[in-house]
Amino acid sequence: MVNIETELETLNTLLLRMCDAVIVNINEAMDFYLGKSKVESINDDLIDQYERMVEEMCINIMLKERLFARDLKETTGILKLVSDLERIGDHAEDILRFAKKLKPYKDNKNKEIESLLLFVVDMIKRSIKSYTDKNVELANEVISDDDYVDSKYLEIINALASKKDGDAHYLQFAIYTTLVVKYLERIADHSVNIAEWVVYIKSGYYKDKMIV
Amino acid sequence: MKYKKRKIADFFANFTTYISAFFSILLLGGIIIYILSNGASNLSWNFITSDYKETLNVVDVKATSRVYDDPEIEGTYFSEKYGVGLKDAKTVDGNPCVQISYLSVNSPFLTLNCKGGFYDAKIGENLDVLMGISEENTDVFASSKDGAQKFALALDNSVEVFYLHVIHGGGGIRGSLLTTLYLICLTLLFSLPLGVGAAIYLTLYAKEGKFKTIIMNMIDATSGVPSIIFGLVGMIVFIPFVGTISGRNVFSIFAGALTMTIILLPIIVKTASEAIKVVPSEYLSASLALGASKTQTIFKVVLPNALPGLITAVLLSIGRIIGESAALMFVLGTSIEDYPKLFNGSTTLSLHIWSLTQAEVPNFKAACAISIIILFVVFLMSISVKIIWYFYTKKRGAA
Amino acid sequence: MEAIFKIENLNLFYGETHALKNVNLDIYKNKVTAFIGPSGCGKSTLLRCLNRMNDLIPSCKIEGNITFEGKDINTLNTVDLRTRVGMVFQKPNPFPMSIYDNVAYGPRCAGIKKKEKLNKIVTDSLKKAGLYEEVKTRLKDSALGLSGGQQQRLCIARCIAMEPEVILADEPTSALDPIATQTIEKLLQELKKDYTIIIVTHNMQQAARISDYTAFFLLGEVIEVNKTTSIFGNPQDKRTEDYITGRFG
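Protein chains in written order, with the working numbering: chain A, 1 to 212; chain B, 1 to 399; chain C, 1 to 249.
Simulated from the structure, these hints should not be mistaken for laboratory data.
Backbone N, C-alpha and C define an ideal beta-carbon position, used for all residues, glycine too.
Among the clues, some could well be false.
What the hints assert, rightly or not - Reference excerpt, derived from the structure (chain B facing chain C, CB under 7 Å, subset only):
{"no.": "1", "residue": "GLY147"}
{"no.": "2", "residue": "GLU282"}
{"no.": "3", "residue": "ALA289"}
{"no.": "4", "residue": "LEU290"}
{"no.": "5", "residue": "GLY291"}
{"no.": "6", "residue": "ALA292"}
{"no.": "7", "residue": "SER293"}
{"no.": "8", "residue": "THR295"}
What the hints assert, rightly or not - Taking lysine-lysine and the DSS-like style, the derived pairs with C-alpha atoms no more than 30 Å apart in a straight line are:
{"no.": "9", "chain 1": "C", "residue 1": "LYS186", "chain 2": "A", "residue 2": "LYS64"}
{"no.": "10", "chain 1": "B", "residue 1": "LYS294", "chain 2": "C", "residue 2": "LYS186"}
{"no.": "11", "chain 1": "B", "residue 1": "LYS394", "chain 2": "C", "residue 2": "LYS113"}
{"no.": "12", "chain 1": "B", "residue 1": "LYS277", "chain 2": "C", "residue 2": "LYS6"}
{"no.": "13", "chain 1": "C", "residue 1": "LYS91", "chain 2": "B", "residue 2": "LYS300"}
For reference, chain A alone in the conformation it holds in the complex:
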């Protein structure tokens, strides 16, 4: 096996480990919000470390090897999607923080938000799967789901803003819930980005334009 193949294999293994860590964290945040678990903190530093390692490895590969065709697409694609992955990890932490703040309001559960949460988490998992399986169809699916998330997000925000109850507690509840929903929307965006880079790695097309 040539150098570049070994290096790309190592890179991929590292990235998969990072994906696993992100999914663990997002599951924890989701379970906490849904009241299913009691864990009060998740480790985002590990994900940040992974991101730095992946970036370093990509740059080193570019230093040493001459990259053409699939090697070029893979290395540059990974370099880009790793930052989206890291942002997802960050937002998982953010969701957990505000879910903690929402604990006293656990009676005020909103089915809409819960279903959006489940949907977005599924998006993340599908997006990561499209990378590990190098599945362009799956990636395209994720990309098209962005519209649904965006519209749901607007719906929820509008509903929260239009309630005229004026209760002081409700204000806190509304703000924190808005933030949670906001982060869900952001997570969905990042998942879409990852899916778009997966399409690029496979076909050279980024957002329907051949950039190589």
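Position chains B and C against the provided structure of chain A, taking the given hints into account.
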């Protein structure tokens, strides 16, 4: 143990090498020393430039009443009656003779009577066979064997010399030298274009195949034929051939040149072929890729780069021509000519040597002298090759 | 875009060996086309067909068609063809003559004798090849005293002195150090404006850097030919991709 064995083997190998080298050098050195010691004394400007044949003039002269002053030159015996100084000398080919070394102004020897006119004696000419009449009317005889002193006395004794040999020159090799030069020029004129042309064809034009192999083998075979066979061919074929041009079926330098051409052709073709093959093929590719035709490539790139090799071929040929003897005997003849002509026979230097050794008294000293000249020419040529090589590589800028 | 060379169904044999198989290729005018591929796969052989240097090899047999500017090259006079299609070789091969004589060699063979004209041709060619400033004071010196990179530029100057329309370059920088290589690459890119250039190279980066079109050869066949960015970014054939990513060859 093995080391010791190897040491002994090495020692023997070295020993035999040194011994062989020693004997080779001894032999070669010995021959050169023999030639030099025997021939050096004969070498002189006269030797190179004078005729071989002596010119003999039979003269008579009368003494006048004048008495000439003895110039008192050392080694010269003066005849006061005739104003002639004589000394002992050697002829060009080494025989003792009596030579005129001084002529007084108005000496009667300056206006000798000769059959059919006057003859003026010159310094350097030899005298022999004197027959005169003394005052007392007795016969006076003298010859070159008597030596200068006795000859001079005999002159002074004679009031009239009615028979005297005045001998001019002789023993020189000018004729043979000129013949050799003519032969070289003519042979090169014929053989170089033919040989180089054939080499160019064989290396650059001919296609690989039976035809080419046959020709190459034939050339190799011819170079092994003893040159005396070529001499016979020359005698049988070229002399009549030249005869159709010159009108006479005789020995001729022209026929000799044709014969030498055939002898040299294989050598020139081989050497020139090698010289051409050594020119890097990159130069050929570059030239052709620039749009030069094959002919232009050959004459502008291949031949100039093959020049050192071609010059070597020329110099090898010249050496061979000078050294050739047996073959030329059949076409040039063996009579020494003082004024060689292209369509007449003559002798080259090597044939001259042969001729000298066939006389009743073989003149080894003159033969050695000629050998020295030949050695010198060959030596000059090897040096020339080295000098040409040096300047050539310098000029081209050795890569 | 105009095709200056059209190669159709070309098959070439060295004796029994089938060296080029059914090659179909167009070479576009005023563009740099690169031939890439593993050693011994026919790139240089095809290059030499374009100026009929393969005619010099007796065992070589060619079937098929090559047209140069619309005319079959077998109907053109070889000497004439080679003045219009010049060649630069892998190992710089200046003649053992002065720099001036090297550049003037081609024109002189073509019959140009006038001193002023030759002077102009020599200076112009050396300037175009980017060598003039370095050698202008020693034009009469031997060409063999130049460095490798300078010698190769001299060969290029010698080639363009004939004002060809096409320059064939057979691995022109493989015998040179990196700096000299860079200079030659820059030179080729500049020459593209006036000449059509075909370059055979083993250096993938060189091909990606300087060529507009690339043809990938494997075992005597042209596997893929396309714009260079496509070949190196998104090759269609797996063999092409494997070669350029270094998986073999």
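Evaluated hints:
no.: 1; hint: GLY147; in the structure: violated, 68 Å
no.: 2; hint: GLU282; in the structure: holds, 4 Å
no.: 3; hint: ALA289; in the structure: holds, 4 Å
no.: 4; hint: LEU290; in the structure: holds, 4 Å
no.: 5; hint: GLY291; in the structure: holds, 3 Å
no.: 6; hint: ALA292; in the structure: holds, 4 Å
no.: 7; hint: SER293; in the structure: holds, 5 Å
no.: 8; hint: THR295; in the structure: violated, 10 Å
no.: 9; hint: C/LYS186 x A/LYS64; in the structure: holds, 24 Å
no.: 10; hint: B/LYS294 x C/LYS186; in the structure: violated, 34 Å
no.: 11; hint: B/LYS394 x C/LYS113; in the structure: holds, 28 Å
no.: 12; hint: B/LYS277 x C/LYS6; in the structure: violated, 37 Å
no.: 13; hint: C/LYS91 x B/LYS300; in the structure: holds, 21 Å
Checked against the numbered hints listed earlier, the structure breaks hints 1, 8, 10, 12; every other hint is satisfied.
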